[in-house]
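Chemist: Here are the chains, one letter per residue:
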Amino acid sequence: MIELQHVAKRYGDRGIVEDLCLTVAEGEFCVLLGPSGCGKSTTLRMINRLIPCDSGTIRVGGEDIATIAPEALRRRIGYAIQSIGLFPHWTVADNIATVPRLLKWPEARVRERVGELLQMLRLDPASYGGKYPQQLSGGEQQRVGVARALAADPDLLLMDEPFGAVDPVTRDALQGELAHIHRVTRKTILFVTHDIEEALRLATSIALMNRGRLAQYGPPLEILERPADAFVHEFLGSHGIGLKLLSVRRVSDRMRSGETAEPDAAGEPVAADAPLRDALAAMAARHTDRIPVRDEQGRRVGVIALADLVR
Amino acid sequence: MTGTHLLRSPALWVWLVFAALLFGMPALEPLFSHIFPGIRPAVFDRDSFVALWLSHAWLVLLSSAASAVLGIGLAVFVTRPAGRDFRAIVNALATIGQTFPPAAVLALAVPAVGFGPRPTVIALFLYGLLPIIENSIAGLAGVPSAILEAAEGMGLSAAQRLRRVELPLAAPLVLAGLRLSVTIGIGTATIGSTVGALTLGTPIFDGLIGNKLPFVLQGAVLIALFAIATDLTFAEAEGRLRTRPGQG
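The listed protein sequences derive, respectively, from chains A and U. Quick note on my numbering: the first sequence kicks off at 50 and runs consecutively. Quick note on my numbering: the second sequence kicks off at 19 and runs consecutively.
These aren't lab readings, by the way, just hints derived from the structure by calculation. Just so we're clear, the structure is a prediction, and the values are computed from it rather than from any experiment. Glycine included, each C-beta is placed from N, C-alpha and C at the ideal position. Wrong hints could be hidden among the right ones.
[What the hints assert, rightly or not] Stretch-level coverage of chain A by chain U, calculated; a stretch enters the list once three of its residues show a Cβ under 8 Å from a Cβ in chain U:
| no. | region |
| --- | --- |
| 1 | 126-134 |
| 2 | 137-147 |
[To be verified] Non-contacting residues of chain A with respect to chain U, defined by C-beta distances greater than 10 Å in every case (computed):
| no. | residue |
| --- | --- |
| 3 | Glu-120 |
| 4 | Leu-122 |
| 5 | His-243 |
| 6 | Leu-329 |
| 7 | Arg-343 |
| 8 | Gln-346 |
| 9 | Leu-355 |
All chains, full assembly: derive it from the sequences and hints.
Modeler: Okay, here's the thing in structure tokens:
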């Protein structure tokens, strides 16, 4: 879906992005991760031509972006940023309808799509559609920002720290919704953050950048288990890597299937697709070393024990 | 807006009083002759007040429209990437235009374009430029960069960003500049009468020259009411722009 070949960007004699090669397959949730100033935002903005690249080639869906008019390219790519940038003089519905209207969709289809998106982001279309951005909370505004990015049903979504400015509870909810949207729509998402936990939770692949170069690229588990160099090891937080592994691996990877009748594994079951960390937290809170596991329908499917977490 | 709302508008009331005096001034002849015995006629009658007002308003409208077109145009230009370097120069020129006393501009314009309404239009135009330029630049430059980035990132062209996002968001400030410019213009147009323009200032200068105090009074009251009514009308328009929910 996205192909970067030897891409570089310099400001004066300072290299922001240097010789970057990166391929993101269709349907991936790729997180560009790294310390501030590592060039991750610049990389993102080169993909929709908000920033021109100095050298190298960028392809989106197989097409060299240099051959597409910037406006046409951007209308094909969803874009959400931390500061959201909702238009304060337009209603929520008009904000979401921005790109479909630029693409001259029939008005009936625009309205239908706006309603669909508001529902997808858990905002009641009847009460939210006519509101103005200032009347919304920060979390609601960011939901509208995400809905606006998804409006014209783009295959590719670029997100620049979209949840960086909301409170932890709202961020958690928004991350959950974005993960859900990704699972349901299978859109390719390129997501910039400096928050490792956020990256581990959302990514199917992580591109870790340092000083304008790609330090390591791969699935979260691989990066945690086999850091490519000292920088990667340190950035992941050398001491906390074990705990982060628990955030990435799922309960279903380690549970004992079928052991449903154990009397000591009582209490609220943990979901099979939850990270192991949730199981550990539940054990610590309940002073137990065994917890039942349920599937998505709520049926008990097995048990997970403390020893399973560290196997 | 319903009828009852309209009655609560102060601008409307001032306009009504203004219109009543404009049309009814000759009927006040007995009153003025009583207060100022010995001055005949006691009400200015060389021209009708309505004609004076129409000419006065036309001069202001013409010069303000020109100031607005050039002022907003320049503000748009210097807030584009291509014109950014000219921002300081434009600001400086507009400030110089403002420091020239309008009387001096009139004096300089007369030899160039002759007597009549033209020097007045030139003076009002130059004088009205600064508030429009300053406010329009402030309004356009004040649009948050996040909004512009989002607009650009979604694929709005530069023209679409200007028309759909920047100008509507800058509108309250642009309107405030226009208000200042027009209100100043109404007052300043008065002195245009000294170089042959027909304005509500004509009775004032006639009265001063001929020592006829009632003429001065009649012109001054009408100009004041005209300026106040115009200012209040702008204030109401601005208020409506600002209280629109989208403007916070």
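Chemist: Verify that the Cβ of Gln-346 (chain A) lies farther than 10 Å from every Cβ atom of chain U, and report whether the claim holds or is violated.
Modeler: holds (40 Å)
Chemist: So is Glu-120 (chain A) really clear of chain U, every C-beta pair being over 10 Å apart?
Modeler: violated (5 Å)
Chemist: Take a quick look at Arg-343 (chain A) and tell me if its Cβ sits farther than 10 Å from every Cβ on chain U, holds or violated.
Modeler: Check passes; 41 Å lies beyond 10 Å.
Chemist: Is Leu-329 (chain A) truly not at the interface, in the sense that its beta carbon sits beyond 10 Å from all beta carbons of chain U?
Modeler: At roughly 39 Å from the nearest Cβ of chain U, Leu-329 (chain A) sits farther out than 10 Å, so the non-interface label holds.
Chemist: Find the nearest Cβ of chain U to the Cβ of His-243 (chain A) and say whether that gap is larger than 10 Å.
Modeler: Non-interface label stands for His-243 (chain A): nearest chain U Cβ at 19 Å, farther than 10 Å.
Chemist: Minimum Cβ separation between Leu-355 (chain A) and chain U greater than 10 Å?
Modeler: The assertion about Leu-355 (chain A) holds, with a minimum of 47 Å to chain U.
Chemist: If you count the residues of the region 126-134 of chain A with a beta-carbon closer than 8 Å to a beta-carbon of chain U, do you get 3 or more?
Modeler: Since 5 is at least three, the answer is holds.
Chemist: Three residues or more, CB to CB closer than 8 Å: is that satisfied between the region 137-147 of chain A and chain U?
Modeler: holds (count 5)
Chemist: When you look at the beta carbon of Leu-122 (chain A), is every beta carbon of chain U farther off than 10 Å?
Modeler: Since the minimum Cβ distance to chain U is about 8 Å, Leu-122 (chain A) lies within 10 Å and the statement is violated.
Comparing the model with each numbered hint stated earlier shows that hints 3 and 4 do not hold.
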